[in-house]
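Participant: Here are the chains, one letter per residue:
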Amino acid sequence: MGVVLAEASAWTYVTATYAVTIGLLGGYTAWLIQKGRKVGRQLPPEDRKWSS
Amino acid sequence: MPDLAADSMLRGSMLRDAAMVVGKDLRLEWRSRVTLSQILPFALLVLILFAFALDPDRRILEEATPGLFWLAVLFSMLLAIQRAYAVETADGVIDALRLSDLDPAGIFLGKAAGIGLHLLVLEVVLFVGVTVLYGATPHGGLLVVATMLLATTGLAAAGSLYGVLAAGLRVRDTLLPILMLPVVAPVLIAGTEAFSAAYANASGDGWKWCGLLAAFSVLYLAIGIFAFEPLLEES
Amino acid sequence: MTSPSAGTGAGIMRLHPDGTASRGSRILGIVVLVSVVVFLYVALVASAPDKSLDAQGQLVRIMYLHVPSAIACYTAFFVTAVASGMYLWKKTVGWDALASSSAEIGVLFVALTLLTGSIWGHTTWGTWWEWDPRLTSTALMFVLYLGYLALRRAIIDPVSRAKQSAILGIIAFVNVPIVHYSVDWWRSLHQTATVASLDPKIDGLRLFALMFGMVVALLLYVWLMMHRFRLAFAEAALEAKGLDLALAERRAEARADGGSVPPSVTTGGAS
Numbered sequence: 002m003g004v005v006l007a008e009a010s011a012w013t014y015v016t017a018t019y020a021v022t023i024g025l026l027g028g029y030t031a032w033l034i035q036k037g038r039k040v041g042r043q044l045p046p047e048d049r050k051w052s053s
Numbered sequence: 003m004p005d006l007a008a009d010s011m012l013r014g015s016m017l018r019d020a021a022m023v024v025g026k027d028l029r030l031e032w033r034s035r036v037t038l039s040q041i042l043p044f045a046l047l048v049l050i051l052f053a054f055a056l057d058p059d060r061r062i063l064e065e066a067t068p069g070l071f072w073l074a075v076l077f078s079m080l081l082a083i084q085r086a087y088a089v090e091t092a093d094g095v096i097d098a099l100r101l102s103d104l105d106p107a108g109i110f111l112g113k114a115a116g117i118g119l120h121l122l123v124l125e126v127v128l129f130v131g132v133t134v135l136y137g138a139t140p141h142g143g144l145l146v147v148a149t150m151l152l153a154t155t156g157l158a159a160a161g162s163l164y165g166v167l168a169a170g171l172r173v174r175d176t177l178l179p180i181l182m183l184p185v186v187a188p189v190l191i192a193g194t195e196a197f198s199a200a201y202a203n204a205s206g207d208g209w210k211w212c213g214l215l216a217a218f219s220v221l222y223l224a225i226g227i228f229a230f231e232p233l234l235e236e237s
Numbered sequence: 008m009t010s011p012s013a014g015t016g017a018g019i020m021r022l023h024p025d026g027t028a029s030r031g032s033r034i035l036g037i038v039v040l041v042s043v044v045v046f047l048y049v050a051l052v053a054s055a056p057d058k059s060l061d062a063q064g065q066l067v068r069i070m071y072l073h074v075p076s077a078i079a080c081y082t083a084f085f086v087t088a089v090a091s092g093m094y095l096w097k098k099t100v101g102w103d104a105l106a107s108s109s110a111e112i113g114v115l116f117v118a119l120t121l122l123t124g125s126i127w128g129h130t131t132w133g134t135w136w137e138w139d140p141r142l143t144s145t146a147l148m149f150v151l152y153l154g155y156l157a158l159r160r161a162i163i164d165p166v167s168r169a170k171q172s173a174i175l176g177i178i179a180f181v182n183v184p185i186v187h188y189s190v191d192w193w194r195s196l197h198q199t200a201t202v203a204s205l206d207p208k209i210d211g212l213r214l215f216a217l218m219f220g221m222v223v224a225l226l227l228y229v230w231l232m233m234h235r236f237r238l239a240f241a242e243a244a245l246e247a248k249g250l251d252l253a254l255a256e257r258r259a260e261a262r263a264d265g266g267s268v269p270p271s272v273t274t275g276g277a278s
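Chains as they are written, first to last, in this note's numbering: chain A, 2 to 53; chain B, 3 to 237; chain C, 8 to 278.
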């Protein structure tokens, strides 16, 4: 059978999970944006067809 | 664009080329005896290592025999696949195979047949091995044989396909396992369950797992026949 | 284009000149950010304002992350499979970029699915892993697509890489239902005590939180895809340019040596 946790520690798990999720997604986003700029810097502007 | 795979199947060269390929590979094995002298001892070694890892004095080895058997088969399969394509290359390039006039689907089937035959030999020896080493008394003979044949067909087909994918790469030795093992996990599950049913004299359930193995085999044979050519071109 | 937390003076609608942002992605990004804030409020506060909640009631909040992550990863791998098929048909670099980008983001979401599922499991089962059928097949799917990414890293030639990973992208997705079915069947035979399911019965605002979470996850997937795709596309263009540059240097070398330039050394059309 499962272990039923006290309300206080349940909240700890919840916040930890949300923190991990936001951390992972935020970290990937930051890497993605930064990498995009880095590669974009090396390309002449005509190859970047999406910026307006 | 002509459907080369379908054309060759109609022309019958696919099977002829497959026979040629498997004949060549078997002749090669007969002369070099690599499977016999290296992969077979490896398979037996795995059985022994399992005994070191698990307590041989309790009944755990006997109870886990179905799973351990198929695990040993899977690990040996990786070596067999690598070997099947290593024979084609001097330094990682499968030019001869690609430039030959053979039908790619035929090459796929031939390679798969070669891998399958080697696996069957390994399985027979492993079966004797687990019976002797783990004390598992075999039951349900027909189910056991059917499971072995069907599982091996699936493993060989998937192996032939993924083998050619990895063959041309420098990292093939580390890449092939992670590509193959998730794919053949259903075969491990089904083979283990079927063997368990056979050993427990409850063959009824086991045959359903054989159905899964049959479906898996058909699927990968079909995928291989069509996908082998582009993969061979790129290897 | 950044979320304000990472902003370095870039305005709400001021796009970084070197980045992969556009008006469209900026607008979507703002929508995503707002949705995330709303979602967090609904998930963590509004969905269960009753203070006398038991532990189970609180823990379902983890589901609001787990289920949406799963939806996003399946969507991502489906897109990879379709884009792979389109690449094999059309042979343009865009489809390959789409396939690889979606696979990478898919792997991210699978990791999240496994993490959130494991944490939820720990709170209920007391252990970090219980071979629950869905989590187990998800774990296999994770390794499956790690293999896809590994294959891409192993092939240098862009066309060869695109072709082989396209075939793998389709086969991998075909494997997903096979693995699911086998693992499900397998676990259904061996389920001992009642293992609390990963599908809690919820309704009302809590169901809304779950549904809204799925919408947010998909929006986030699209936004990440826009940037990741553009990055892949830019890297492919850079690769082609690098090749052109190398070929041009080679031709210059050949001319300098006084020999004739072999006709094969021409600038290949950038894909």
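Hints are computed from structural coordinates only; laboratory data are not their basis.
Don't take every hint at face value.
[Said to hold, decoys possible] Taking lysine-lysine pairs in the DSS-like style, the calculated list, with each CA pair at most 27 Å apart, reads:
1. C:Lys248 x A:Lys39
2. C:Lys248 x A:Lys36
3. C:Lys248 x C:Lys98
4. C:Lys97 x C:Lys248
Participant: None of the hints should be skipped; say for each whether it holds.
Facilitator: Hint check results:
In summary, the hint linking lysine 248 of chain C to lysine 39 of chain A is supported, as the alpha carbons are separated by about 16 Å, within the 27 Å threshold. Distance hint between lysine 248 of chain C and lysine 36 of chain A is fulfilled; the C-alpha atoms sit about 18 Å from each other, no more than 27 Å. Taking the CA atoms of lysine 248 of chain C and lysine 98 of chain C, the gap is about 19 Å. The hint holds against a cut of 27 Å. Restraint check for lysine 97 of chain C and lysine 248 of chain C: satisfied, since their Cα atoms lie roughly 22 Å apart, inside the 27 Å limit.
Violation of the numbered hints given earlier is absent; every hint is satisfied by the structure.
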